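Undergrad: Here is what each chain is made of, one letter per residue.
Protein chains: 4
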Amino acid sequence: MLKVPTIVLNVKTYAEATGIKAVEIAQLMERISKETGSSMAIAVQASDIYICSQKVDMPVFSEHIDPIKPGSHTGWTLPEAIKSAGAVGTLINHSEHRLQLADIDLCVARAKELNLDHIVCTNNVATSKAAAALCPNFIAVEPPELIGGDISVTTADPDVVSRSVKAVKSVESKVRVLCGAGVKNGKDVAKAIELGADGVLLASGVVKAKNKETVIRDLASGL
Amino acid sequence: MLKVPTIVLNVKTYAEATGIKAVEIAQLMERISKETGSSMAIAVQASDIYICSQKVDMPVFSEHIDPIKPGSHTGWTLPEAIKSAGAVGTLINHSEHRLQLADIDLCVARAKELNLDHIVCTNNVATSKAAAALCPNFIAVEPPELIGGDISVTTADPDVVSRSVKAVKSVESKVRVLCGAGVKNGKDVAKAIELGADGVLLASGVVKAKNKETVIRDLASGL
Amino acid sequence: MLKVPTIVLNVKTYAEATGIKAVEIAQLMERISKETGSSMAIAVQASDIYICSQKVDMPVFSEHIDPIKPGSHTGWTLPEAIKSAGAVGTLINHSEHRLQLADIDLCVARAKELNLDHIVCTNNVATSKAAAALCPNFIAVEPPELIGGDISVTTADPDVVSRSVKAVKSVESKVRVLCGAGVKNGKDVAKAIELGADGVLLASGVVKAKNKETVIRDLASGL
Amino acid sequence: MLKVPTIVLNVKTYAEATGIKAVEIAQLMERISKETGSSMAIAVQASDIYICSQKVDMPVFSEHIDPIKPGSHTGWTLPEAIKSAGAVGTLINHSEHRLQLADIDLCVARAKELNLDHIVCTNNVATSKAAAALCPNFIAVEPPELIGGDISVTTADPDVVSRSVKAVKSVESKVRVLCGAGVKNGKDVAKAIELGADGVLLASGVVKAKNKETVIRDLASGL
Chain A
1 MLKVPTIVLN
11 VKTYAEATGI
21 KAVEIAQLME
31 RISKETGSSM
41 AIAVQASDIY
51 ICSQKVDMPV
61 FSEHIDPIKP
71 GSHTGWTLPE
81 AIKSAGAVGT
91 LINHSEHRLQ
101 LADIDLCVAR
111 AKELNLDHIV
121 CTNNVATSKA
131 AAALCPNFIA
141 VEPPELIGGD
151 ISVTTADPDV
161 VSRSVKAVKS
171 VESKVRVLCG
181 AGVKNGKDVA
191 KAIELGADGV
201 LLASGVVKAK
211 NKETVIRDLA
221 SGL
Chain B
1001 MLKVPTIVLN
1011 VKTYAEATGI
1021 KAVEIAQLME
1031 RISKETGSSM
1041 AIAVQASDIY
1051 ICSQKVDMPV
1061 FSEHIDPIKP
1071 GSHTGWTLPE
1081 AIKSAGAVGT
1091 LINHSEHRLQ
1101 LADIDLCVAR
1111 AKELNLDHIV
1121 CTNNVATSKA
1131 AAALCPNFIA
1141 VEPPELIGGD
1151 ISVTTADPDV
1161 VSRSVKAVKS
1171 VESKVRVLCG
1181 AGVKNGKDVA
1191 KAIELGADGV
1201 LLASGVVKAK
1211 NKETVIRDLA
1221 SGL
Chain C
2001 MLKVPTIVLN
2011 VKTYAEATGI
2021 KAVEIAQLME
2031 RISKETGSSM
2041 AIAVQASDIY
2051 ICSQKVDMPV
2061 FSEHIDPIKP
2071 GSHTGWTLPE
2081 AIKSAGAVGT
2091 LINHSEHRLQ
2101 LADIDLCVAR
2111 AKELNLDHIV
2121 CTNNVATSKA
2131 AAALCPNFIA
2141 VEPPELIGGD
2151 ISVTTADPDV
2161 VSRSVKAVKS
2171 VESKVRVLCG
2181 AGVKNGKDVA
2191 KAIELGADGV
2201 LLASGVVKAK
2211 NKETVIRDLA
2221 SGL
Chain D
3001 MLKVPTIVLN
3011 VKTYAEATGI
3021 KAVEIAQLME
3031 RISKETGSSM
3041 AIAVQASDIY
3051 ICSQKVDMPV
3061 FSEHIDPIKP
3071 GSHTGWTLPE
3081 AIKSAGAVGT
3091 LINHSEHRLQ
3101 LADIDLCVAR
3111 AKELNLDHIV
3121 CTNNVATSKA
3131 AAALCPNFIA
3141 VEPPELIGGD
3151 ISVTTADPDV
3161 VSRSVKAVKS
3171 VESKVRVLCG
3181 AGVKNGKDVA
3191 KAIELGADGV
3201 LLASGVVKAK
3211 NKETVIRDLA
3221 SGL
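Chains A, B, C and D, in that order, give the protein sequences.
So for the first sequence, my numbering puts the first residue at 1; every next one is plus one.
So for the second sequence, my numbering puts the first residue at 1001; every next one is plus one.
So for the third sequence, my numbering puts the first residue at 2001; every next one is plus one.
So for the fourth sequence, my numbering puts the first residue at 3001; every next one is plus one.
Source of the hints: derived by calculation from the structure; they are not laboratory data.
If you're wondering where the values come from, they're calculated on a predicted model, not measured in any experiment.
Among the hints, erroneous ones may be present.
[Stated by the list, open to error] With a straight-line cut-off of 25 Å between C-alpha atoms, the simulated PhoX-like cross-links for lysine-lysine are:
1) C:2169 x B:1169
2) B:1069 x A:21
3) C:2021 x D:3069
4) C:2208 x D:3069
5) A:208 x B:1069
6) C:2069 x D:3208
7) C:2021 x D:3055
8) A:69 x B:1021
9) C:2169 x B:1166
10) C:2210 x B:1169
11) A:210 x B:1069
12) B:1187 x B:1212
13) D:3169 x C:2069
14) C:2055 x D:3021
15) A:169 x D:3069
16) A:55 x B:1021
17) D:3069 x C:2210
18) C:2112 x D:3169
19) D:3069 x A:174
20) D:3212 x C:2069
21) B:1112 x A:21
Using the sequences provided together with the hints, build the complete structure.
TA: The structure is reproduced here in structure tokens:
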């Protein structure tokens, strides 16, 4: 399982992180992760999992899995397929790809069955607590109104982080909690950990940065 | 654009066609396609597009694209991403992955913009005619009740094929029509062409076959 | 079938048009429709169909139907149920409630089977032409970016109206075409008819108006 | 709030319970409920809420609400609208109408805001526990594979009932638990209560019964 505290980067479907550019970001993270001894993972588009996991020696995640088993499911994301392509983990229920409750439960079960790390994304304290009942490896709480914004959740709403950690632990003490939305620098990371989180999930803060290396090094400094 | 008449294989999310097994089927098709001069394409899971297009010199398709542009769309299938991974085309609106009408229109537009071949799947004469109004490269009509079954659409309901061809051509004469559902052998392929289709779209007939080589050779003989 | 030219009001889920307020708007339209001899219809929420059709003698529509038959479909909108409550027609595939292509086809079939008037909403020329292939009573083209706005589609993009009419008629000459988005007054209605439409579909222009009676009378003057 | 123990009937979109037939079933339940002093409620289609709540003096529920506020949501089920039509409660997330986790949370919040009783449906112990974190009035656990079947969940899988009750109470002790799927008679009801449930949610057992009165009386005898 992903060592904590950790920094997980979700590259979404940004042009700046598709194909060879996803590989370049992964290579940069791998280098900084090794130099600094920081735990990091990168979640990439399904079609980029294979090449990324070929080119880097760090945890590559899928951005999504569907609650399915092998069979007749044209165009959906089979957990076995992303694992076979090299993914060691996956996001589940990202705010841009919400799932039904029963399907989150199925996805968590499928991820466990295949030994895939998995991060269930939630939007507030109540849904974080709900997700905890499904016993995933990780929960990442991200208030949707702060995603992609300029102010980190740890500044804009520190309470949602500390209360989510408490709520999750009250249901299942071993579930780890990340936080995200607006995270941009080492201070945000340090604050997240101070609030009880085991790390951060972020996207545009790195992908849209002019100097990605500077940003990733700064993030690592907060661990 | 895919030469016609053609045979398009959709490997879905079958265990028998995930990861290295998708590559093996693609290599088999490539070999038979070259030997026989038959036009063939293979649609694979997004996570298998890169390795398949690295390993074979034949058209690799995606099984799906989402109606999106680069941006914040975690876990969805970006047309640019499947192209960058090596796909030269895509299925759209497969019966196992239906889209809203406005989104099929967007997907066709995105595929054209990126010069991706594209096959819009439909379920009957009326929806085939409707899809024709969106001017895609290809329409593949597949009555859902016959998909995965033992009797080819060309035997069970030849009328749906010939009437779909006629309806599509009445709206846009240059749109090509494939047919699918239950297609298993060269006779089915020959009958499809006789009914006015430009080829077939099939899945389990090959993927679930004990001897895939025999089946693919037989299919090719029907072109 | 709804007489044309016609004015169809969709009250959506506006607070100003829920429950007794939906009835009041329906009564106002009924009165003006009778006085002026104008053809009008009102589409209301499913839970308001019964009381509206009890209280007024004018066509009451549902805002939506689902592509289902009687059975195990908890919470979905059964065509038989809205008819039994008093609806004589329905919207299908509104831009706020998009359906899959195959399901629009099913909804049109179900509406015809039950003798319900039906208006398939579309967003541009291509999807209007596509919808025509399904042979509905009416198509209402509404560019989503203009819905709820201050400028009528007939002013902002008259071309989309005239080209949709032409495209629809090229596929099925008997399908009638309405237009909508930003429609607010009699001039917009008159222009719609001049562009070849058989009437308009509107919502906020009436529902959000301070003086609904004035607006409805003005709209009627454009027929 | 609904008195417990209670029997909640979901009439789905069955032909046998649409329009006037929904009213007849409601009247029958009202009579038996009053005679026997048993707590009962009936969930009907949105278009039948008004007439049912006009005709009977017992709790009428909606089968569904959408996670929306008044506004531009054509064809969706506004909580205010079903309340205005006479509903005093609603089902949320029925297995035939699953919602995303974040939307279940929103629906529960909207129901509380409007003082509507609400029953969140779940499919197993884990999702029941998850739903409990959202603090609804009621949770109804219904294993989907038993819904509509001949064997009651209380016989086929009594464990899922008792474990769900325990799991729910461990998260929020005041949340009440119903169970459903295959429930058909008074023995099933008595067993549900013995297993710790506060009542049952059922559908076909009543709606498809030849003699509905006999079945409802028998169910009431189990309370």
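Undergrad: Now tell me, hint by hint, if it's right for this structure.
TA: Now for the hints, and whether the structure bears them out:
1. C:2169 x B:1169: Measuring from Cα to Cα gives roughly 17 Å; hence the hint holds.
2. B:1069 x A:21: holds, 16 Å
3. C:2021 x D:3069: holds, 16 Å
4. C:2208 x D:3069: The hint holds at about 16 Å.
5. A:208 x B:1069: holds, 16 Å
6. C:2069 x D:3208: holds, 16 Å
7. C:2021 x D:3055: holds, 22 Å
8. A:69 x B:1021: holds, 16 Å
9. C:2169 x B:1166: holds, 18 Å
10. C:2210 x B:1169: It is violated: about 51 Å lies between the C-alpha atoms, which goes past 25 Å.
11. A:210 x B:1069: With Cα atoms ~21 Å apart, residue 210 of chain A and residue 1069 of chain B stay inside 25 Å; holds.
12. B:1187 x B:1212: holds, 16 Å
13. D:3169 x C:2069: Judged against 25 Å, a Cα distance of about 39 Å means the pair is violated.
14. C:2055 x D:3021: At roughly 22 Å apart (the allowed maximum being 25 Å), residue 3021 of chain D and residue 2055 of chain C satisfy the hint.
15. A:169 x D:3069: violated, 32 Å
16. A:55 x B:1021: Status holds; Cα separation ~22 Å.
17. D:3069 x C:2210: Status holds; Cα separation ~21 Å.
18. C:2112 x D:3169: Distance of about 50 Å is beyond 25 Å: violated.
19. D:3069 x A:174: violated, 37 Å
20. D:3212 x C:2069: Since the Cα atoms of residue 3212 of chain D and residue 2069 of chain C sit roughly 23 Å apart, the hinted pair holds (cutoff 25 Å).
21. B:1112 x A:21: Distance ~23 Å between residue 1112 of chain B and residue 21 of chain A Cα, so the pair holds.
Consistency with the previously given hints fails for numbers 10, 13, 15, 18, 19, ordered from lowest to highest.
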